[in-house]
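A.B. asks: Sequence:
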Amino acid sequence: MVNIVLVEPEIPQNCGNIARTCAATRCRLHLVEPLGFDISEKAVKRAGLDYWPMVDLSVYPSLDSLFEKNRVDDLWLATTKAPRDYAQARFSEGCWLFFGKETAGLPAQFRMAHEDRCIRIPMREDARSLNLANSVAVLAYEALKQQGFPGLSGTGEMAGSAEPR
Numbered sequence: 000m001v002n003i004v005l006v007e008p009e010i011p012q013n014c015g016n017i018a019r020t021c022a023a024t025r026c027r028l029h030l031v032e033p034l035g036f037d038i039s040e041k042a043v044k045r046a047g048l049d050y051w052p053m054v055d056l057s058v059y060p061s062l063d064s065l066f067e068k069n070r071v072d073d074l075w076l077a078t079t080k081a082p083r084d085y086a087q088a089r090f091s092e093g094c095w096l097f098f099g100k101e102t103a104g105l106p107a108q109f110r111m112a113h114e115d116r117c118i119r120i121p122m123r124e125d126a127r128s129l130n131l132a133n134s135v136a137v138l139a140y141e142a143l144k145q146q147g148f149p150g151l152s153g154t155g156e157m158a159g160s161a162e163p164r
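Under numbering that gives the first Met the number 0, the first residue of the sequence shown is numbered 0, with each subsequent residue one higher.
Everything labelled a hint here was simulated from the structure, so no lab data went into it. Here the structure is a predicted model, which means the values were calculated and not measured. Accuracy of the hints is not assured; some may be wrong.
[To be verified] Cut-off 30 Å, straight-line C-alpha distance, at most; resulting in silico cross-link-like pairs (BS3-like, lysine-lysine):
no., residue 1, residue 2
1, K80, K68
2, K80, K100
3, K144, K80
4, K68, K144
5, K100, K68
6, K100, K144
Build the full structure now, drawing on both the sequences and the hints.
C.D. replies: This is the structure we're talking about:
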């Protein structure tokens, strides 16, 4: 199981897309307030489609509250300011992936307290960042890949195809 944490997310469509990724991958979704939207908002539900009932969702009033209510042993902070890329990280079962708000990222004090756990997604130097939903998908699938995709399946065959291509 992978835990996805969005700290103060601002854009409802990103949250909806991330919820859909969490539903499809069995990742848990943790939201840290304040949120830039109401999670029952039409835009969030539309982006998540009919996947919301499949999402294991928890909402916390603060980062401190999240840490008080959960045992967070293996945490990783996604930030463009990280000294190393995500390919150097080893994600264990039950790991926690933290992502900051779209306009400012994770709080500086939180990043500094866990500097050795900060990772980045490689990109060109003049690009500011990837979309939050895309970043979550990249890191979630890397963590799941390292764990052997627990609880996930796929036939490897194209639907409706009589012969493999």
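A.B. asks: Taking the hints in turn, state whether each one holds.
C.D. replies: Hints and how they fare:
1. K80 <-> K68: holds, 28 Å
2. K80 <-> K100: Measuring from Cα to Cα gives roughly 14 Å; hence the hint holds.
3. K144 <-> K80: holds, 24 Å
4. K68 <-> K144: Measuring from Cα to Cα gives roughly 27 Å; hence the hint holds.
5. K100 <-> K68: holds, 22 Å
6. K100 <-> K144: Within the cut-off at roughly 25 Å; holds.
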